[in-house]
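Novice: Below are the chains, spelled out letter by letter.
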Amino acid sequence: MNALPFLLALILPVLPGSAPQSEPERNLTENGAARHEDPDDADEDGDSLVALSMIGDHDALVPGGTITLALRCKIKPRWHVYWGPNAGDSGLAFKADVTGPEGYVVGTPRFPWPKRDVSEGDIVQYLHEGELVILVDVKVPESAKVGANATFDVAARWLACTSVCLPGSGKTSLSLPVAATSKPNEAAVFAAARARLPRPWSELGRVLMTPAGEGAERKLTLVVPGATALEFFPYLTDATTFTGRKIEVGKQGGTVAMNFEFKKKHDGDVPRASGVLWVKTDKGESSYELEYKFQP
Amino acid sequence: MTTVVTRTATAARGAILFAALLGAGCRSTAVDDGSIPSSASTITAAANEPRTSLRTVSSVERGPVADGILRAGIGDLAPDFELLDLDGRRQRLSTHRGKIVVLEWFNPKCPVVKYAYDEGPLSEMKRRYAMTGIVWLAINSNAPGQEGSEPDDNRAFLAQRRLTTPVLLDPLGLVGRTYGARTTPHVFVVNERGVLVYSGALDNAPQGRVESAAAKTNYVETAISDLRSGHAVTTSSTRPYGCSIKYDRL
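Those protein sequence lines, which keep their order, are chains A and B.
In case it helps, the numbering used here puts the first sequence at residues 3 to 298.
In case it helps, the numbering used here puts the second sequence at residues 6 to 255.
Some hints could be false.
20 angstroms max Cα-Cα, derived SDA-like pairs, lysine to any residue [claimed, not checked]:
| # | chain 1 | residue 1 | chain 2 | residue 2 |
| --- | --- | --- | --- | --- |
| 1 | B | K221 | A | H268 |
| 2 | B | K119 | A | P169 |
| 3 | A | K265 | B | Y120 |
| 4 | A | K248 | B | K221 |
| 5 | A | K267 | B | T169 |
| 6 | A | K267 | B | H236 |
| 7 | A | K76 | A | A189 |
| 8 | A | K267 | B | K119 |
To spell it out: a stretch of chain A is covered by chain B in this simulated footprint if at least three of its residues, at any positions, have a beta carbon under 8 angstroms from a beta carbon of chain B; those stretches are [claimed, not checked]:
| # | segment |
| --- | --- |
| 9 | 83 to 93 |
| 10 | 119 to 129 |
| 11 | 159 to 167 |
Derived by calculation from the structure, the hints in this document are not laboratory data.
Nothing here was measured: the structure is a model prediction, and the numbers come from that model.
Using N, Cα and C, we set each Cβ at its ideal position, and we do this for glycine too.
Hey, can you work out the whole structure from these sequences and the hints?
Specialist: Shown next as structure tokens:
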């Protein structure tokens with residue numbers, strides 16, 4: 003019946019105790035680093051892999067004002083944690099729950115752009131190494147009494163990975179006085195952290211945006227003049243799934259062509275592209291929050 | 006009636022490895038049941054034509070095979086494979102035709118897997134399903150030397166939990182790559198007719214926590230329930246979560 007022969011993938015693993023299993027070139031990463039499991043890593047305590055502390059961008063809380071809190075997460079060298087909005091193809095997103103006294107309005111934690119990592123099997127991960135600084139805005143109630151103190155608590159949890167993965171969690175808190183005036187605090191830390199947060203799309207300037215596709219398959223191409231490097235970090239959404247991107251950079255700028263798959267689950271669902279576009283130019287690097295709705 | 010599988014040229018190295026597998030390690034064992042044609046000449050052709058697209062046609066009865074290059078899709082026949090379990094026994098997917106089969110990518114050292122078995126949904130699901138005729142195959146695609154790849158670690162995991170369900174070893178990752186398995190756990194459900202009907206997470210509750218306002222949902226349980234009631238699987242694809250599979254380089 004068939005002109006071509008049938009193929010069978012009879013895939014036999016090396017039996018325990020038989021032939022040697024290690025070939026040096028097979029166990030290297032792209033950059034040549036050893037990828038084998040380090041027995042010491044498995045003995046680490048997941049909680050101690052990330053050291054938490056919290057600071058405010060001012061030394062006091064002013065009634066009716068806003069303060070920004072920074073959750074500083076120092077990650078042990080060689081380990082990484084995952085981007086809060088989307089861990090990628092594997093891992094678990096870093097979670098931070100911030101709470102304050104009654105009447106204080108605590109905003110959503112804001113994450114800096116992550117690093118994109120691709121491992122064997124085309125497994126894409128969005129991760130953080132070194133120090134992760136998460137910013138949270140807090141609105142101080144008008145009724146806050148000068149002279150009192152307010153305490154903010156953070157409960158964080160993560161999956162930290164190197165050649166092995168370990169779950170961890172931790173807590174920290176910050177107490178600040180309520181005062182009529184306040185002074186800036188740790189300005190350099192906050193300036194650096196804010197510079198890595200996504201900015202409004204309108205600040206990106208001239209961008210050529212071309213949607214394509216219909217139904218389930220959607221594509222959005224962005225041409226960014228002057229870009230010397232680009233990356234897109236997708237947010238997770240209910241109905242639209244980011245399925246990949248192609249990036250090209252030339253003398254005139256960069257192009258990122260993104261593919262999405264739309265599956266309507268609820269009335270009102272529309273296909274959309276949302277995430278963070280990271281742009282590097284001769285002047286530096288910054289990121290912008292994209293929220294684009296395709297035609298239904 | 007035929008199923009057409011397109012093999013792209015981009016995975017030429019995989020084709021060569023695939024050829025080496027069949028030509029070297031597997032030739033003597035491929036026809037042990039008398040029903041599996043194995044053609045070294047065809048494989049050689051695949052290896053010699055890495056720059057051109059190769060179309061492989063196979064019968065619906067046999068379906069496509071997992072070779073690390075083919076990509077399994079929901080609604081398609083689940084690519085067949087034969088792997089060794091921890092006791093050296095061959096486990097072949099197509100021998101379970103007629104039963105619902107769950108393929109669970111597995112790593113005994115992954116904390117997300119440990120949670121699923123000790124506190125999460127797998128603490129009782131596997132035993133319950135085993136009693137009702139559902140086949141549950143755990144597959145470990147981590148490369149030798151990587152976390153959780155040691156057979157003894159896999160045996161110890163099962164022994165500690167008094168589990169007897171098989172763990173299949175896929176050290177070259179060809180089956181994992183074919184199915185697009187990315188995490189442990191990453192679960193696939195194959196219906197009685199051998200069609201892949203679900204791919205994704207066990208549930209929507211990583212480490213027991215539902216992140217949104219949604220109710221806790223066990224996707225695998227739901228898919229199996231749909232199949233048993235004769236309905237189409239309502240949620241056929243979800244986003245898996247867990248440790249990344251540490252594939253070997255092709």
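Novice: All the hints need checking, so say for each whether the structure fits it.
Specialist: Verification of the supplied hints:
{"no.": "1", "hint": "B:K221 - A:H268", "result": "18 angstroms, holds"}
{"no.": "2", "hint": "B:K119 - A:P169", "result": "11 angstroms, holds"}
{"no.": "3", "hint": "A:K265 - B:Y120", "result": "30 angstroms, violated"}
{"no.": "4", "hint": "A:K248 - B:K221", "result": "35 angstroms, violated"}
{"no.": "5", "hint": "A:K267 - B:T169", "result": "39 angstroms, violated"}
{"no.": "6", "hint": "A:K267 - B:H236", "result": "18 angstroms, holds"}
{"no.": "7", "hint": "A:K76 - A:A189", "result": "19 angstroms, holds"}
{"no.": "8", "hint": "A:K267 - B:K119", "result": "32 angstroms, violated"}
{"no.": "9", "hint": "83 to 93", "result": "holds (count 4)"}
{"no.": "10", "hint": "119 to 129", "result": "holds (count 5)"}
{"no.": "11", "hint": "159 to 167", "result": "holds (count 6)"}
Hints 3, 4, 5, 8 from the earlier list are contradicted by this structure; the remaining hints agree with it.
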